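A.B. asks: Grab the two chains, each in its own frame, and use the hints to assemble them into the complex.
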Amino acid sequence: MRLGKVVGKVWATVKDPQLAAVKLALMEVVDENQTGTGKILIAADTIGAGDGDLVFWVSGGEAVRAFPDKNIPSDVTIVGLVDHLNVSAS
Amino acid sequence: MIVGRIIGSVVSTIKHPCYNHQKILLVKPVSPQGAPQSGLMVAVDLVGAGSGDLVLVASEGRAAEELLDFSCRMPVRSLIVGIIDQIDL
Numbered sequence: 046m047r048l049g050k051v052v053g054k055v056w057a058t059v060k061d062p063q064l065a066a067v068k069l070a071l072m073e074v075v076d077e078n079q080t081g082t083g084k085i086l087i088a089a090d091t092i093g094a095g096d097g098d099l100v101f102w103v104s105g106g107e108a109v110r111a112f113p114d115k116n117i118p119s120d121v122t123i124v125g126l127v128d129h130l131n132v133s134a135s
Numbered sequence: 149m150i151v152g153r154i155i156g157s158v159v160s161t162i163k164h165p166c167y168n169h170q171k172i173l174l175v176k177p178v179s180p181q182g183a184p185q186s187g188l189m190v191a192v193d194l195v196g197a198g199s200g201d202l203v204l205v206a207s208e209g210r211a212a213e214e215l216l217d218f219s220c221r222m223p224v225r226s227l228i229v230g231i232i233d234q235i236d237l
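Heads up: the sequence lines are chains A and B, in that order. Each residue of the first sequence is one higher than the one before, starting from 46 at the first, in my numbering. Each residue of the second sequence is one higher than the one before, starting from 149 at the first, in my numbering.
Chain B extracted, bound-state conformation (with noise of 0.2 Å):
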């Protein structure tokens, strides 16, 4: 999983089935730090964050199809799960 913060959202009519009634979010990585890095991600949400959060994304092997109930064979990679309160570092 990696450390993301939300700076917008995607909205898409024509998709994949698998993303109907998902709220999909824009992410742009971030270091522990907060500091923001190259790359930017495109991320179901599964938790309710909003612009401006600090996320937690899982995006590698079968998170998604772990996570999501669904019936479908899910072409999903990047998943919001969690909202970040606070990094110790």
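Next up, chain A with everything else stripped away, as it sits in the complex (with noise of 0.2 Å):
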């Protein structure tokens, strides 16, 4: 898994059954002083990010399987969002 934060939406009418009423967010992978790393990834949402919020996903096989009932066609899924990093001096 890794951090990403949401910078936008992306809207596609014509797409896959299985992600139909699967929000797609477009995410930045952030560093852990969430800076912005420059690499922009599309990705399935599953819990309901808006702009701006902090998240963590997950890549590859992992993130077909989301949902209970349904395998979905991503290999980026936001699978939770972040109240607050701890992160210690190095």
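Derived by calculation from the structure, the hints in this document are not laboratory data. This one's a predicted model, so the numbers in the text were calculated from it and none came from an experiment. Heads up, a few of these hints could be off.
Straight-line Cα separation of at most 20 Å, SDA-like style, residue types lysine to any residue; simulated pairs [to be verified]:
no.: 1; chain 1: A; residue 1: LYS50; chain 2: B; residue 2: ARG221
no.: 2; chain 1: B; residue 1: LYS176; chain 2: A; residue 2: GLY93
no.: 3; chain 1: B; residue 1: LYS171; chain 2: B; residue 2: LEU215
no.: 4; chain 1: A; residue 1: LYS50; chain 2: B; residue 2: MET189
no.: 5; chain 1: A; residue 1: LYS84; chain 2: B; residue 2: THR161
no.: 6; chain 1: B; residue 1: LYS171; chain 2: A; residue 2: GLU73
no.: 7; chain 1: B; residue 1: LYS176; chain 2: A; residue 2: VAL74
no.: 8; chain 1: B; residue 1: LYS176; chain 2: A; residue 2: PRO118
no.: 9; chain 1: B; residue 1: LYS176; chain 2: A; residue 2: ASN78
no.: 10; chain 1: B; residue 1: LYS171; chain 2: A; residue 2: LYS115
no.: 11; chain 1: A; residue 1: LYS115; chain 2: B; residue 2: PRO165
no.: 12; chain 1: B; residue 1: LYS176; chain 2: A; residue 2: VAL75
no.: 13; chain 1: A; residue 1: LYS84; chain 2: B; residue 2: LYS176
no.: 14; chain 1: A; residue 1: LYS84; chain 2: B; residue 2: PRO177
no.: 15; chain 1: B; residue 1: LYS171; chain 2: A; residue 2: LYS84
no.: 16; chain 1: A; residue 1: LYS115; chain 2: A; residue 2: VAL132
no.: 17; chain 1: B; residue 1: LYS176; chain 2: A; residue 2: SER104
no.: 18; chain 1: B; residue 1: LYS171; chain 2: A; residue 2: ASN131
no.: 19; chain 1: A; residue 1: LYS68; chain 2: B; residue 2: ILE162
no.: 20; chain 1: B; residue 1: LYS171; chain 2: A; residue 2: VAL132
no.: 21; chain 1: A; residue 1: LYS68; chain 2: B; residue 2: PRO165
no.: 22; chain 1: B; residue 1: LYS171; chain 2: A; residue 2: LEU126
no.: 23; chain 1: B; residue 1: LYS176; chain 2: A; residue 2: THR80
no.: 24; chain 1: B; residue 1: LYS171; chain 2: A; residue 2: GLU77
no.: 25; chain 1: A; residue 1: LYS50; chain 2: B; residue 2: SER186
no.: 26; chain 1: A; residue 1: LYS50; chain 2: B; residue 2: GLY187
no.: 27; chain 1: A; residue 1: LYS50; chain 2: B; residue 2: LEU215
no.: 28; chain 1: A; residue 1: LYS115; chain 2: B; residue 2: ARG221
no.: 29; chain 1: B; residue 1: LYS176; chain 2: A; residue 2: ASN131
no.: 30; chain 1: B; residue 1: LYS176; chain 2: A; residue 2: LYS68
no.: 31; chain 1: B; residue 1: LYS171; chain 2: A; residue 2: ILE92
no.: 32; chain 1: A; residue 1: LYS115; chain 2: B; residue 2: GLU213
no.: 33; chain 1: A; residue 1: LYS115; chain 2: A; residue 2: ASN131
no.: 34; chain 1: A; residue 1: LYS115; chain 2: B; residue 2: GLY198
no.: 35; chain 1: B; residue 1: LYS176; chain 2: A; residue 2: GLY83
Residues from chain A shown here face chain B by an in silico Cβ test under 8 Å; the list is partial [claimed, not checked]:
no.: 36; residue: ARG47
no.: 37; residue: GLU77
no.: 38; residue: VAL103
no.: 39; residue: SER104
no.: 40; residue: GLU107
All C-beta atoms, glycine included, are put in the ideal place defined by N, C-alpha and C.
C.D. replies: So this is what it looks like as structure tokens:
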């Protein structure tokens, strides 16, 4: 899993039926200081994140299994909303 | 598996049910010599690791489903599976 920040939304009317009613978010990968790395991804959103929210997401095969009743054709899925990061000084 | 160092923790209320009651930590990948590498991982802790610990992180394949006994299907990818005492090179 990794950290990301939601920066927008994506609408798609014509898409795979398994993605029906699944929100798509535009998300930038961020580091431990919540600074953007410049990498922007489109992610299936399972938690209802909004613009500016810090989230954690899964990639690969695990991204497919975020819903209990269906496999979604996604390789990036947001699975948690971050309330707070405790980063120790290094 | 990779070697990483714990640099912090994640507090999250709204999350996938599979993450409930799990400790979620921030892991910076490091080289075997201990030098920080690029990237940052969010991982579920299975061994009680703490900040500053050098740990073993499994993040490929179906490690999570094999190791965690959940009834639900799990979107969990990165797991801390060990605390490293020493690396001999």
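A.B. asks: Give a verdict on every hint.
C.D. replies: Hint check:
no., hint, verdict
1, A/LYS50 to B/ARG221, "violated (25 Å)"
2, B/LYS176 to A/GLY93, "violated (27 Å)"
3, B/LYS171 to B/LEU215, "holds (15 Å)"
4, A/LYS50 to B/MET189, "holds (14 Å)"
5, A/LYS84 to B/THR161, "violated (26 Å)"
6, B/LYS171 to A/GLU73, "violated (24 Å)"
7, B/LYS176 to A/VAL74, "holds (15 Å)"
8, B/LYS176 to A/PRO118, "violated (29 Å)"
9, B/LYS176 to A/ASN78, "holds (12 Å)"
10, B/LYS171 to A/LYS115, "violated (27 Å)"
11, A/LYS115 to B/PRO165, "holds (16 Å)"
12, B/LYS176 to A/VAL75, "holds (13 Å)"
13, A/LYS84 to B/LYS176, "holds (18 Å)"
14, A/LYS84 to B/PRO177, "holds (18 Å)"
15, B/LYS171 to A/LYS84, "violated (27 Å)"
16, A/LYS115 to A/VAL132, "violated (35 Å)"
17, B/LYS176 to A/SER104, "holds (17 Å)"
18, B/LYS171 to A/ASN131, "holds (12 Å)"
19, A/LYS68 to B/ILE162, "holds (16 Å)"
20, B/LYS171 to A/VAL132, "holds (14 Å)"
21, A/LYS68 to B/PRO165, "holds (18 Å)"
22, B/LYS171 to A/LEU126, "holds (14 Å)"
23, B/LYS176 to A/THR80, "holds (15 Å)"
24, B/LYS171 to A/GLU77, "holds (17 Å)"
25, A/LYS50 to B/SER186, "holds (18 Å)"
26, A/LYS50 to B/GLY187, "holds (15 Å)"
27, A/LYS50 to B/LEU215, "violated (29 Å)"
28, A/LYS115 to B/ARG221, "holds (10 Å)"
29, B/LYS176 to A/ASN131, "holds (14 Å)"
30, B/LYS176 to A/LYS68, "violated (30 Å)"
31, B/LYS171 to A/ILE92, "holds (19 Å)"
32, A/LYS115 to B/GLU213, "holds (17 Å)"
33, A/LYS115 to A/ASN131, "violated (34 Å)"
34, A/LYS115 to B/GLY198, "violated (36 Å)"
35, B/LYS176 to A/GLY83, "holds (18 Å)"
36, ARG47, "holds (6 Å)"
37, GLU77, "holds (5 Å)"
38, VAL103, "holds (5 Å)"
39, SER104, "holds (7 Å)"
40, GLU107, "holds (4 Å)"
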